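For chain A, the structure is supplied; the task is to place chain B on it using the hints.
Sequence lines, in order, name chains A and B. Position in the first sequence counted from 1, then plus 1120, gives you our numbering. Position in the second sequence counted from 1, then plus 1120, gives you our numbering.
Everything labelled a hint here was simulated from the structure, so no lab data went into it. These numbers come from a predicted model, not from an experiment. A portion of the hints provided could be inaccurate.
Where chains are identical, the list cannot tell them apart; a pair therefore holds if satisfied intra-copy or between any two copies.
Unchecked claim - Straight line, CA to CA, 27 Å or less: simulated DSS-like cross-link-like pairs of lysine-lysine:
#	residue 1	residue 2
1	K1311	K1217
2	K1217	K1144
3	K1144	K1244
4	K1197	K1287
Each chain, written out:
There are 2 protein chains.
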Amino acid sequence: MQVIPPALERLIESLGKLPGIGRKTATRLALNILRRPVSQALELAAALSELHGAIQLCSCCFTFSESDPCAICADPKRNSAIICVVEQPGDLLAIEKTGSFRGHYHILHGVLSPMDGIGPEEIKIRELLARVNSGTADEVLIATSSTVPGEATASYLIDRLQGAPIKLTRLACGIPMGMDIKYADRHTLAKAIESRSPAV
Amino acid sequence: MQVIPPALERLIESLGKLPGIGRKTATRLALNILRRPVSQALELAAALSELHGAIQLCSCCFTFSESDPCAICADPKRNSAIICVVEQPGDLLAIEKTGSFRGHYHILHGVLSPMDGIGPEEIKIRELLARVNSGTADEVLIATSSTVPGEATASYLIDRLQGAPIKLTRLACGIPMGMDIKYADRHTLAKAIESRSPAV
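Just chain A, same shape as in the assembly (with noise of 0.2 Å):
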């Protein structure tokens, strides 16, 4: 017997292809959306309507944008001869929420990964060198996730841009701030031990 009515059941299949949302949790919210007013739902349904239609990628950084070339990379204030690589663009945003960077983006869209089929013509590698070479920028910051994918990406990007003339920097790994240091893990503190950096 059917104990979820279909249209109840249409949107609990539909939101647990959210990523992190199981049945439970999407059963939880459809019946939480049932239980407030319908002007609600529609806001919703209407931001999903709109949102691939608006937002393209800036051609320039690849970021989601409702504009080409995207508002980071239009802005005159901004340093344009450094470049921060990212693997998404909620790293972007990551980033922009710290205050402490003022160059432009690339957006690789991705990281390598040989085991899933993603080599560097799959994410927007071609088009990071096609800017670097084009000399404008004098600095790239490979700002890839700390992790194994993460790190090779980074691998793959320092060969290929090594022979270039600019600046390559990665971002510093170590303590995070406010932790205990005996809570930080074995591989964190011997980064940081090694990148010790003079107290005066």
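Relative to the frame of chain A, chain B by itself:
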């Protein structure tokens, strides 16, 4: 400067209104939706748009349903003489999943919570009393949550129903199946001792 495109921001805000989804999770979900095929976003949008129109409350038990009466109330194979009273449609789904209950339900759509201005008139208590008074039921199983407002609601229902010519029952409280006794909380363990049953 607007780093997040407005169309993406609208989706993040809409997703962020869902329960248990904060700004960070909403951003992660929205970026993920943007990376997937547009068909998935439209499928979810359609499910959301249709939801409230397709679903109504069953006029008998008040669960969410596309038909009235709902599939459970209309099923001749189910025992209409026993009414299981739950707080929300999600509780009905949880009980249905056990396969251990073949009676009918009554959804209160809330619990008594005087602090929030929710008295007996705000939830479907009058409708439950009317169902019981109509004389079709011979047992009412009160299955509100084992929380303070759930217990208060149960007490109120017991008070209102104890004059009726029916059997009034509650869900058993005790040690969860598979749980090590030393991890059970004090109150649960006390309840389990109090309600101990013959071993043979």
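Evaluation of the provided hints:
{"no.": "1", "hint": "K1311 - K1217", "result": "within (25 Å within a copy, 51 Å between copies)"}
{"no.": "2", "hint": "K1217 - K1144", "result": "between (32 Å within a copy, 12 Å between copies)"}
{"no.": "3", "hint": "K1144 - K1244", "result": "between (37 Å within a copy, 26 Å between copies)"}
{"no.": "4", "hint": "K1197 - K1287", "result": "within (21 Å within a copy, 76 Å between copies)"}
Hint violations for this structure: none, all hints satisfied.
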